[in-house]
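In case you want the letters, here they are:
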Amino acid sequence: MSGPNLIERLKRGHGRYISGQNLEAIDPWIEVTPEGLPEVCRYLRDEPELRFDFLSCISGVDYFEKDPKKAEKTGWKPHMEVVYHLWSTVHRRSLVVKVLLPRWKDDEPGQLPEVPTVSDIWSTANWHEREVYDLSGVRFTGHPGLRRILCPEDWVGHPLRRDYEMPLEYHGIRGR
Amino acid sequence: MATVDDPRIIEFDVRTDEMLVNMGPQHPSTHGVLRLVLRTDGEVVSEVVPHIGYLHRCAEKIGENLTPRQWIPYTDRMDYLAGMNMNLGWALTVEKLMNLQVPEKGRHLRVIIAEMNRIASHLVGMGAYGLDLGTFSPFLYAFREREKILDLFEEACGARLTYSYLTVGGATADLPRGWLQKCEGFLDQFLPVIDECHALLTTNSIFVKRAAGIGYLSPAMAIDYGCTGPVLRGSGVDQDLRRDGEACYTSMYDGYAFEIIVEKNGHYPQDHKYPAIPPEAVLGDCWHRFYVRMLEVRQSIDLVRQAIDRYSTATGSYGEPVKLTEKLPKGEAYLETEAPRGQMGFYIVSDGSSIPWRARARSSCFCNLSVAHELCRGALIADIPAIVGSLDIVMGEIDR
Numbered sequence: 001m002s003g004p005n006l007i008e009r010l011k012r013g014h015g016r017y018i019s020g021q022n023l024e025a026i027d028p029w030i031e032v033t034p035e036g037l038p039e040v041c042r043y044l045r046d047e048p049e050l051r052f053d054f055l056s057c058i059s060g061v062d063y064f065e066k067d068p069k070k071a072e073k074t075g076w077k078p079h080m081e082v083v084y085h086l087w088s089t090v091h092r093r094s095l096v097v098k099v100l101l102p103r104w105k106d107d108e109p110g111q112l113p114e115v116p117t118v119s120d121i122w123s124t125a126n127w128h129e130r131e132v133y134d135l136s137g138v139r140f141t142g143h144p145g146l147r148r149i150l151c152p153e154d155w156v157g158h159p160l161r162r163d164y165e166m167p168l169e170y171h172g173i174r175g176r
Numbered sequence: 001m002a003t004v005d006d007p008r009i010i011e012f013d014v015r016t017d018e019m020l021v022n023m024g025p026q027h028p029s030t031h032g033v034l035r036l037v038l039r040t041d042g043e044v045v046s047e048v049v050p051h052i053g054y055l056h057r058c059a060e061k062i063g064e065n066l067t068p069r070q071w072i073p074y075t076d077r078m079d080y081l082a083g084m085n086m087n088l089g090w091a092l093t094v095e096k097l098m099n100l101q102v103p104e105k106g107r108h109l110r111v112i113i114a115e116m117n118r119i120a121s122h123l124v125g126m127g128a129y130g131l132d133l134g135t136f137s138p139f140l141y142a143f144r145e146r147e148k149i150l151d152l153f154e155e156a157c158g159a160r161l162t163y164s165y166l167t168v169g170g171a172t173a174d175l176p177r178g179w180l181q182k183c184e185g186f187l188d189q190f191l192p193v194i195d196e197c198h199a200l201l202t203t204n205s206i207f208v209k210r211a212a213g214i215g216y217l218s219p220a221m222a223i224d225y226g227c228t229g230p231v232l233r234g235s236g237v238d239q240d241l242r243r244d245g246e247a248c249y250t251s252m253y254d255g256y257a258f259e260i261i262v263e264k265n266g267h268y269p270q271d272h273k274y275p276a277i278p279p280e281a282v283l284g285d286c287w288h289r290f291y292v293r294m295l296e297v298r299q300s301i302d303l304v305r306q307a308i309d310r311y312s313t314a315t316g317s318y319g320e321p322v323k324l325t326e327k328l329p330k331g332e333a334y335l336e337t338e339a340p341r342g343q344m345g346f347y348i349v350s351d352g353s354s355i356p357w358r359a360r361a362r363s364s365c366f367c368n369l370s371v372a373h374e375l376c377r378g379a380l381i382a383d384i385p386a387i388v389g390s391l392d393i394v395m396g397e398i399d400r
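These protein sequence lines map, in sequence, to chains A and B.
Residues 1 to 176, numbered by my numbering, are exactly what the first sequence covers, in order.
Residues 1 to 400, numbered by my numbering, are exactly what the second sequence covers, in order.
Quick caveat, the hints were computed from the structure, so don't treat them as lab data.
Each hint should be verified, as a subset may be incorrect.
Unchecked claim - Covered stretches of chain B (chain A as the covering partner; in silico rule of three or more C-beta atoms under 8 Å from a C-beta of chain A):
1. 36 to 43
2. 188 to 198
3. 222 to 234
4. 338 to 349
5. 356 to 362
To be verified - Taking lysine-lysine pairs in the DSSO-like style, the calculated list, with each CA pair at most 30 Å apart, reads:
6. K73/A with K330/B
7. K61/B with K70/A
8. K66/A with K330/B
9. K209/B with K98/A
10. K11/A with K98/A
11. K73/A with K327/B
12. K209/B with K264/B
13. K330/B with K11/A
14. K11/A with K73/A
15. K105/A with K77/A
16. K264/B with K77/A
17. K105/A with K61/B
Said to hold, decoys possible - If you want the ones that stay clear, here's a sample from chain A, every Cβ over 12 Å from chain B, calculated:
18. K11
19. A25
20. D27
21. L55
22. H85
23. R92
24. D107
25. T124
26. A125
27. L150
28. P152
29. E169
Backbone N, C-alpha and C define an ideal beta-carbon position, used for all residues, glycine too.
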């Protein structure tokens with residue numbers, strides 16, 4: 001099923017959850033609202049003509065420019081993107097699903113934005129979501145064990161955030 | 001397979017208290033600094049929790065501060081046993097974003113180099129797996145041969161482990177004069193060594209007893225956990241990105257004749273002169289994962305031979321690298337390539353400057369290891385190294 005067809009079908013069933021799309025991009029993507037993500041993902045995995053049964057990767061991308069002068073030219077408002085790269089082992093096709101989140105929940109710095117987990121749909125997501133939580137600072141609600149995976153458990157902050165400050169000291173080790 | 005339910009293993013009066021056992025981070029059979037916390041009851045493991053991150057070097061954060069060509073050396077240090085394949089994965093991703101095609105000669109050069117590195121990587125995988133199971137000599141055989149490949153690489157690019165040879169736009173240099181003859185010479189003398197390795201391990205009855213029927217991974221579970229490479233094909237799933245991947249990757253192998261190494265109807269392709277599958281082995285167990293790797297070595301030899309023929313008749317440039325500070329087009333691209341340990345994915349987001357906004361690496365071993373707790377449940381402690389070793393993980397790639 002080609003891009004426009006897929007979008008049409010998705011919109012018929014789950015139109016209220018599809019908030020954007022770009023089928024001309026190098027990797028065509030659709031944008032899904034956070035609350036509709038589990039339902040859309042389940043549909044993408046189970047629908048016989050789609051069968052996106054393989055989750056390749058989850059990445060967190062922080063859109064935030066520290067420099068106010070540069071920020072004016074960027075053309076986007078500060079936000080957080082969680083990008084899901086899907087692959088169908090049956091039809092050998094790929095699809096990108098994006099979820100746009102505020103950088104902080106309720107615009108309150110320190111409160112991590114939330115998105116429902118998909119670890120019950122693809123088990124790959126379990127570790128990948130832990131990694132995105134650890135490095136990019138996104139809370140996956142309903143995740144069976146959301147804890148840091150690459151950084152130590154007592155690490156402060158999320159390093160792949162653009163406004164992350166390297167700690168000066170960690171257990172007696174000089175940071176800078 | 002020995003499990004809790006096996007009455008031969010558990011005697012009735014030895015049910016003991018549960019005990020937590022730490023395996024690693026400095027355990028000889030965990031392939032780097034991996035820590036496994038085992039919940040055991042006597043000899044039987046009821047739960048395995050892997051702890052990773054000991055080798056985390058913030059590669060993705062560094063990637064946000066360097067141009068793509070400057071990040072190439074950091075990709076070397078991810079899967080340090082297959083640096084060339086990592087270079088290639090990142091280079092192709094950036095080329096996909098820039099819509100750049102490598103000249104024909106450069107394409108064949110990349111096949112030669114990538115497949116040679118696959119051989120070297122699988123040799124370590126094979127040798128180290130032997131070590132995990134307690135036999136030392138296959139390791140020496142494997143490293144003797146790998147050393148010859150490293151010598152060839154050293155001649156081509158000056159480095160033996162972290163090459164940074166394949167880069168955005170092609171390669172940093174052409175192959176030196178006389179290299180192809182040496183490479184062919186190596187392949188000729190290497191072919192009989194594979195039979196020795198099969199005799200040492202594949203058909204060795206002790207090895208078969210240790211690996212066959214252990215750590216069964218079903219195809220559905222392999223897909224669910226995102227397992228790739230020999231781990232996925234060892235479970236009988238017919239997927240290899242060299243054939244099934246995106247056009248910008250598979251075009252590298254256009255016109256090459258090769259068959260995906262996966263079991264169909266009870267036998268593998270190319271099995272005409274290779275040892276038969278032992279009756280104890282079940283599709284999806286440790287033995288099959290190992291066997292797929294061994295057959296892929298043979299497959300890579302054929303591919304290198306074809307590539308040498310094509311490379312020597314191709315004319316034109318081998319592919320000059322792009323400028324170090326070449327501006328990237330605005331946009332994003334994701335590409336997975338078939339590295340020796342599975343599908344290595346790179347994701348680049350660009351805002352139009354020469355430095356990517358985001359550089360992401362999807363590690364194949366990361367996903368392959370995440371299934372370990374399922375494979376180890378109910379196994380004996382002595383089988384844990386056999387199971388984890390059969391996944392052939394490299395911690396540098398998992399922790400990045």
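Here is what the structure says about each hint:
For the stretch 36 to 43 of chain B, the proposed coverage by chain A is not satisfied: 0 residues have a C-beta within less than 8 Å of a C-beta in that chain, short of the threshold of three. Counting residues of the stretch 188 to 198 of chain B whose C-beta lies closer than 8 Å to any C-beta of chain A gives 0; at least three are required, and the coverage claim is violated. Judged by the Cβ-Cβ criterion of 8 Å, the stretch 222 to 234 of chain B is covered by chain A as claimed, because 4 of its residues qualify and three suffice. Look at the stretch 338 to 349 of chain B against chain A: 4 of its residues bring a Cβ nearer than 8 Å to a Cβ of that chain, three or more, so the hint holds.
Counting residues of the stretch 356 to 362 of chain B whose CB falls under 8 Å from any CB of chain A gives 4; the rule of at least 3 is met. A distance of roughly 13 Å separates the Cα atoms of K73/A and K330/B; the hinted pair therefore holds under the 30 Å criterion. Our distance criterion of 30 Å between C-alpha atoms is met by K61/B and K70/A, whose separation comes to about 20 Å. About 19 Å separates the Cα atoms of K66/A and K330/B, which keeps this hinted pair within 30 Å; it holds.
At roughly 47 Å between alpha-carbon atoms, K209/B and K98/A are farther apart than 30 Å, so this suggested pair is violated. For a cut-off of 30 Å, the pair hint linking K11/A to K98/A stands: about 16 Å separates their Cα positions. About 17 Å separates the Cα atoms of K73/A and K327/B, which keeps this hinted pair within 30 Å; it holds. This hinted pair checks out: K209/B and K264/B have alpha carbons roughly 23 Å apart, not beyond 30 Å.
Between K330/B and K11/A the alpha-carbon distance is near 28 Å, which keeps this suggested pair within the 30 Å criterion. For the hint pairing K11/A with K73/A, the CA-to-CA distance comes to about 33 Å; that exceeds 30 Å, so the pair is violated. Our distance criterion of 30 Å between C-alpha atoms is met by K105/A and K77/A, whose separation comes to about 15 Å. Distance check on the hinted pair: K264/B and K77/A sit about 52 Å apart at the alpha-carbon level, beyond 30 Å; violated.
Taken as a hint, the K105/A and K61/B pair is honoured in the structure, with Cα atoms around 23 Å apart against an allowance of 30 Å. Once the 12 Å rule is applied to beta carbons, K11/A is consistent with being away from chain B; the minimum gap is 23 Å. A Cβ of chain B approaches the Cβ of A25/A within 12 Å, the least distance being about 7 Å, so the stated non-interface status is violated. Its beta-carbon lying about 5 Å from the closest one in chain B, D27/A breaks the requirement of being farther than 12 Å from that chain.
Look at L55/A: its CB is around 6 Å from the nearest CB on chain B, not clear of 12 Å, so calling it non-interface is violated. With a least CB separation of 5 Å from chain B, H85/A falls inside the 12 Å interface cut-off, contrary to its annotation. For R92/A, the requirement that its beta carbon stay farther than 12 Å from each beta carbon of chain B is not met, with the minimum near 5 Å. The Cβ of D107/A sits about 22 Å from the closest Cβ of chain B, beyond the 12 Å cut-off, so the non-interface label holds.
Non-interface call for T124/A relative to chain B: violated, since the shortest CB-CB distance, roughly 3 Å, does not exceed 12 Å. With 12 Å as the threshold on Cβ separation, the claim that A125/A sits away from chain B is violated: the shortest Cβ distance comes to roughly 9 Å. Some Cβ of chain B comes within 12 Å of the Cβ of L150/A; the nearest lies about 4 Å off, and the non-interface call is violated. The Cβ of P152/A sits about 7 Å from the closest Cβ of chain B, inside the 12 Å cut-off, so the non-interface label is violated.
No Cβ of chain B comes within 12 Å of the Cβ of E169/A; the nearest lies about 17 Å off, and the non-interface call holds.
When each numbered hint is compared with the structure, violations occur for hints 1, 2, 9, 14, 16, 19, 20, 21, 22, 23, 25, 26, 27 and 28.
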